[in-house]
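Going down the list, the sequences are from chains B and U. Per the numbering used here, the first sequence starts with residue 5, numbered consecutively. Per the numbering used here, the second sequence starts with residue 642, numbered consecutively.
Bear in mind the hints are in silico, worked out from the structure with no lab data behind them. Please note that the accuracy of each hint is not assured.
Unchecked claim - One-sided excerpt, in silico: chain B residues whose CB lies under 10 Å from chain U: (1) Gly120; (2) Ala123; (3) Met147; (4) Ala215.
Since the model is a prediction, treat every value here as computed from it, not as a measurement. Every residue, glycine too, gets a C-beta built ideally from N, C-alpha and C.
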Amino acid sequence: MSQLPYKTILCDVLVVGAGGAGCRAAIEAAKHNLDVVIISKELLGKAHTSMAEGGYNVSLGNVDPLDDVETHFKDTVVGGAYLNNQELVEILVTDAAERIFDLEEVGAVFDRTPEGKIAQRPFGKQSWRRTAYASDRTGSEIMVTLTEAIRKSSVRVFDEVFATKILVHDGRAAGVCAVDLKYGDYLVFRAKAVVMATGGAGRIFKVTSNAQLDVGDGYAMAYEAGAALIDMEMIQFHPTGMVRPESARGRLVTEAVRGEGGILLNNRGERFMARYYPQVMELAGRDQVARSIMTEVLEGRGSPDGGVYLSIAHLPRSVIEFRLESMIEQFADAGVDIRNEPMQVSPTAHHFMGGILIDTDAQSTIPGLFAAGECTGGVHGGNRLGGNALADTQVFGALAGKNAAEFAKEHGLPPVDRDEIRDEFVRLEAMLLRESGISPADAREELTTLMWNDVQIFRNEEGLSRAVKELRRIEKEVVPNIKVDIQVKRFNPGWHQAIEFGHMVITARMVAEAALMRKGSRGAHFRTDADPNDDGLYNIVIRKGDDGEMVLEKRDLVITKIPPP
Amino acid sequence: MATKMFKARVFRYNPDTDDAPHFEEFDVAYEPGMTVLDTLLYIQDKYDSSLAFRWECRGGQCGSCAVKVNGTARIACRAKVDPDDGPLVLEPLEKMPVIKDLVTDMSRVKERVRRIRPYVVRDKPAPRPEIVHAEEIETLREIRKCIECYACLSNCPALRETWDYAGPMIIRQIARLELDPRDVEDRIAIALDESVYACTTCKMCEDICPKSIKIPALAVELLRAKAVEAGYPLAEGQQGFIDQINKTGRSVPEKDTPLLRSLESEEFLVDNPRGRVAFFTGCLIDYRMQGTGRSLIEVLNRNGIDVIVPKQQWCCASPAFRTGDLKTAHDAARRVTKIFEDVADKYGLDTVVVACAGCGKTLREDHRPFIAEERGEPPRFKVYDLAEYLIDVIGKENIVPPKGELDLEVTYHEPCHLGRGQGVVDQPIELLKMIPGVKYIDDPYKNRCCGAGGGVRAGRRDLSMKIATTRKEQILATGADMVATECPFCTIQIGDMMKGLDVKVRYLPDLLAESYRKGDEET
Ligand SMILES: Cc1cc2nc3c(=O)[nH]c(=O)nc-3n(C[C@H](O)[C@H](O)[C@H](O)COP(=O)(O)OP(=O)(O)OC[C@H]3O[C@@H](n4cnc5c(N)ncnc54)[C@H](O)[C@@H]3O)c2cc1C
Ligand code: SF4
Ligand code: SF4
Ligand code: FES
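Throw the hints in and build the complete structure from the sequences for me.
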């Protein structure tokens, strides 16, 4: 096929993704008197970050004065099962305070202590009450604030633009190929530095708390571009997702419910956490609570709809109404008044600890390609503490924005390879033109079911091998044959799904291949057939080999302060 | 069990290929708890993967998915489907150009948001940490929940007529910043520039808002009150009302003999009463619609209710509450409370009946919380709208049926301050249907604003007339001979619009009384 028409947009710094991390990066980069462009698949302000509920971890010590960065560091590394890159953790815990003040500076309104400081609530596996919040709509507060800050800044916003490929020239990031979702035009963004802030990939699982957009585009694009990724097997299943109605399945029930005193009960009315983690009970780590719930369900002590009960009916109404307002609303929609009745909950795919490998400048292994937020790996290790992800978006968003700006100032605009651009758009166009093929909806159903069945909370060799085999087949046989039903480019969700599908498969493969490689249990990765000789104290790094095959390598941990016991 | 199916009629439009939009009908399998978003996803999955609509979080958190559901904007992921309620009609939001199907172009509003400086403006760097007390952000906390879903823009009657008005979402943002102790910008000047006085306080936005943000009270009226406090003058027409209230206790000048003066007594007692109420007339029934006042007394008496009509009444000061003159407003609230508490004590009653939607809303939503807060105890009487009192308190089965046949096709106009202001929606229609001969014609737009309220008729006559014209067209489309309503302002406003046309505008108590009287003649 010949050249398809496209338009090229130039800028100094391109930020891909407008969630907490992307917006923060764009705002920071724009402070350097540069032309900054931010693109996102959804309208500005609607990113997944707006769904975060519980809060933002920062050791301000406003409620528990003994809290400090050292304790936050330790909690994060212990919570991460020692797999975290401790250099990155250091940055996270050190900068979290300044970054939350940045948010307040532009208008965020967090809930207060009686002295008028930012209030902090307890969250799982943390030594102190550390999680700053705005009721249970903290992410929304942050997203709204960042949206306003973007509107104040000189950042140019191209929302509803879907990046499909990272362009690399002479080993340096040069921009992206993209589709304007509104009108279907092909676009090329050329930049001196690129920041990836594309979020997670919960949507590769059938049951997930994630927004529609979280399909793993960023992981797949970075992989295709040759960047290294780390810890992709580490996926957090949040213990409390909604169970009913079916269409709400997987929607998050915030950890704040347990933080505020909610208790978990099985169908016999037993507070079963006493059996698994009697010291911490409901505030055990997310993986621990998730496995406990699954065990109850698998052993026949679950609720009729396949979950367990979470009750806050014993708490004062005023507490529920003031601190858990979204939960009241969310369950009222499902016909449950949580002030009086228990919620039914079960685990849901929630967070990707792994992602693009970054250094302490938030730069990936490709020069000029920076990354921040959930699309990166290393900060959270084997498991993320509730509240650390929002802090991550702000800390590393700002860092990536700053370093991308500095990089852009020191480097010229790299050229792009026009054949590569042509091939990319031909690939996208082919999904529309193909005479016959597989529908994206069917393909996605197959993939998400496979991942949910074989690469979930309890993993084993058999399931993982099967998943890997199937995924390799899907990659070879299904992806090249995806066919959009209706040949329209203007806002066509069928086409968007088709493009996403390729990214989902690559992401899913990285997850499954790494999970298969890791024989022991560690962090969120739990093997029912764990090899006792595998201490698990390594990271798995993935990249695309020169021959186009996926290469996985074990790598030594980055330890600065706390060696694993 | 067989799956229940329902029909969804969905707006389709691809301007690249279609000359005009059309509707496409789909059969959808119902599941309990199903939302509009589930419906759209079902259609996308089963019939047409190119059907365009936006969504992200499926839980009312991101604000992507607003569409018009059976004529009123809602966020799709939280709007429940009723499979027995006829076809589900889904359309894009109003006021925004369509990109494709249900996806609209929001750029105009986004630009508009930008121009109000929508962030906390500071004149010096923020201290770190910054001390802000919980009390300072209490109201702010309520109105900052907005998820920018744009739904409230779609059905705002003022915005529908003019982009001079910034619309509820943006006015809310201005108030959110005005309430922020850290913000130094002159938000009042911005609010005035964005036409905060264009809002009719119809509460449509509040009803639509997925976060139930009380935009008229917590944003519009708050900003207006701050404007008055800052010394900005009201529009001439609005100030006229206020002066009149302060001088005479009535918002309009006297013309014919007022009802209260012409009544022979303040007691209208019946034999073996089954209840006793006080009648709050409001300014217009007293000064302009004396006949309606008499009808109300008659209707209640015929139903065995003693009616006390205190001769010394005072305006509820709705115009002052709506336009921001809080001094006049609060004086009136204290005064009205005292008058009716005295009457309640004297006559041993605890119920006040109102036939003016605006007065009823003001007594309930404005006086009550204000008095409760000021003195620690709310007014010692309950307030009912007439129709609500008849249906809910007397009880439909106990109402003396009106017998006189009125051969009319009647539609109903729901006053904003009755339906959304007091939650009285079905009762007036039930009463209408009780009148023999009346054929009730439902107007799908019956709850749309007529443009009279919020000081708009007084202050922005041009805009008020545009809103009324839109409403007139909707009423005419029903083909009814008569439109009944339960508010003097709506009656006057719609009456003005219908001048020279065959459609009559009648007040509900008048229609009831007419049927009773006609029934007497016949027997
Ligand atoms: C329900 C829920 C509740 C949570 N609650 C908390 C909490 O209380 N505390 C906490 O710390 N963490 C919480 N988390 C985790 C946290 O919300 C996320 O990790 C964080 O918001 C991720 O932010 P981000 O900026 O990295 O990405 P996102 O907010 O996911 O944004 C990704 C952006 O990238 C864009 N993008 C992706 N692919 C492309 C592409 N191909 N082209 C263009 N743009 C693209 C998207 O459009 C989007 O703008 C929660 C997560 C969930 C699911
Ligand atoms: S109250 Fe009515 S007129 Fe005022 S902003 Fe809301 S919808 Fe518009
Ligand atoms: S005020 Fe309510 S309806 Fe309006 S945009 Fe905000 S959330 Fe939506
Ligand atoms: S999908 Fe997010 S508000 Fe409806």
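Status of the hints after comparison with the structure:
1. Gly120: Given a least distance of 4 Å, the restraint on Gly120/B holds.
2. Ala123: holds (8 Å)
3. Met147: Given a least distance of 8 Å, the restraint on Met147/B holds.
4. Ala215: holds (4 Å)
The structure meets every hint from the earlier list without exception.
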